[in-house]
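Q: One-letter residues, chain by chain:
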Amino acid sequence: MVRRALTAALAAGLASCQKTERKIFSGSSPVAVLRAKSYQIDLTNTILEGIRLCGLDVKGKTVLLKPNLVEFDASTAINTDVALVAAALEAFRSLGAASVTIAEGPGHRRDTLGVADEAGYWKGVRNFEGQFVDLNRDDVTPVSNFVNEKQFFLPNTALGADLIVSMPKMKTHHWAAATLSMKNLFGLVPGSVYGWPKNTLHYIGIDNSIVALNRQFRKTFAIVDGIVGMEGNGPIQGQAKNVGLLVFGQDLVAVDSTCCRIMGIDPAKVAYLQQAADLGAIAPGQIQQRGENPHAVRNDFQLISEFAAYRLSPEGAKA
Amino acid sequence: MVQDYLRPRLEVLRNNQNPDGGWAYFPGKRSWLEPTAYALLALHREAESEAWQRGWRLLRSWQRPDGAWQANGQVTDPHWSTALAVTLHCSQQVYDDSFQRAVAWLLACSGAESSLLVRMMTMVGLSKLGNDPSYRGWPWRPDTTAWIEPTAHTLVALKRAAPQVRDAELARRVVLGEGMILRRRCSDGGWNYGARAALGIDLPSYPETTALALLGLQGSREADLSGAVRHATQLWQNSRSRWSRAWLAISLRLFGADLPNEPTDQPVTNDLILNALEVLAVSDGGFRHFRPEGMPS
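For the protein sequence lines, the chains are W and H, in the order given. Under the numbering used here, the first residue of the first sequence is numbered 1, with each subsequent residue one higher. Under the numbering used here, the first residue of the second sequence is numbered 1001, with each subsequent residue one higher.
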């Protein structure tokens, strides 16, 4: 842990030496919070409503749906529910997307299709194998100056997409406090180059890596699976938590900040959000909340002791 | 019967060899070292053919000046799959300078947690890795931590290479690498990618990494592996994943298990490594590419 901290600090130092002064994001971004009490409701229509509220146009675009597939444990809620992914597939197709692909590169398991099978994806998505890309074993192209890496390889399917739809599970995370739409982009990093786990990201620093990936991929949209999330010792060993919400937006910083407020986490204390302050909106005044008011649907997630101080004040979601 | 199972898989491999001689992870994509190495092992009975030799020449061309192999023609950093290249050289009985340089590179490589600085920090209690860094394994890529899969493949490669290498470091690294695997065993009896616990809470093992850990531990003198083999057998019985079942079958056969082959009507997939592994996993012997020489059947 000391090594990790030292390495992350070194990487952050290098990054700060390299980077030019970045201005705080000054625009405002729409984020929609919609109720969805279960996976059995008409999720396609809910997704269409979320897309409409956020003003997203997908006509003619190549769309990559990026769920969060990690590993499977029937006793908890680790992965993005397949019903939501199937509904998103239908919604984006109905809106005239040129193509819609599901793609993921799990960080722990080599057997991506096996994890997808355990998580119900083969049953829940017709012809799943035909529309899925294992990003861990896709062809790759280097990008330059990824934090302190001169060359960093990313999968061609992700680099070539017109729109990446980050579809995380709403979860706590034992290193980053929360894992939401921005951290979900870790699954774009190819295991064929960086291994299982993608340990290079840990050496770069988790927060640095989250932000670097989000600087790289700017054509994004988020659909956060908060119907059932995970609290406590996430992202794998926590407990399922019924929240009954879906959160949408094109500005992933604003989406994650809103999710944090819903989860009772202060976004001002989440390091990766603060590092991404130039990329999107964090302050409530800069987020055009549509649908439900995050304060009204706040549902505090249990936090491990390491993050107890991250708890949002009772009035925080309003601020 | 076995032939009915093998034929379509071998056909898929033959039909999806790229013009450069290599294999991709999936048809129509670029060649990478890892699927090329597995395909060449799966097709090793055709090693005299021009097609096989083209693959072999491509693989050989990807060795770096420092002895390591790169992941493909584009990703040129030293890569863990150097271990697969060494294993393939052993199957080909090619023990030339390329082979010796690759072994030397593997012997010089270890997880970043085994650096002098981290070991000293561990000794004085400044680092709480949870793993003893003196047990040196191998990383996916240099300057990162050692994990189960690259360590297991490197142990197979080094054990196969041992009769051809005059370097006392090899025996020492094998013992340390086995020690690393044994000390990262999960409480349920198997292995995952290489972390027994997170924040003090036990993590579960996975079938495929349990199989690979056992491959790396073949011939280990430090531990009685019978419990781990029993655990792997249960995983094989209960696993639906073809990837996991293939690795478990390869591993369990090397530990003497008499497993039935998979049903002949199981469809082939477009995952070229899985096709190769399913060829190597059948009872007619391909799995022996992962057996260190001199070990009993």
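Simulated from the structure, these hints should not be mistaken for laboratory data. Ideal placement from N, C-alpha and C gives every residue a C-beta, glycine not left out. Keep in mind that a hint or two might mislead.
Ranges between beta-carbon positions, derived for each pair [said to hold, decoys possible]:
| hint | chain 1 | residue 1 | chain 2 | residue 2 | range |
| --- | --- | --- | --- | --- | --- |
| 1 | W | 240 | H | 1266 | 32 to 40 Å |
| 2 | W | 302 | H | 1004 | 52 to 60 Å |
| 3 | H | 1004 | W | 40 | 39 to 47 Å |
| 4 | W | 126 | H | 1015 | 21 to 29 Å |
| 5 | W | 162 | H | 1263 | 52 to 60 Å |
| 6 | W | 60 | H | 1020 | 32 to 40 Å |
| 7 | H | 1266 | W | 285 | 35 to 43 Å |
| 8 | H | 1224 | W | 313 | 54 to 62 Å |
| 9 | W | 162 | H | 1222 | 51 to 59 Å |
Q: Checked against the structure, which of the hints given earlier come out wrong?
A: Hints 5, 7 contradicted; others consistent.
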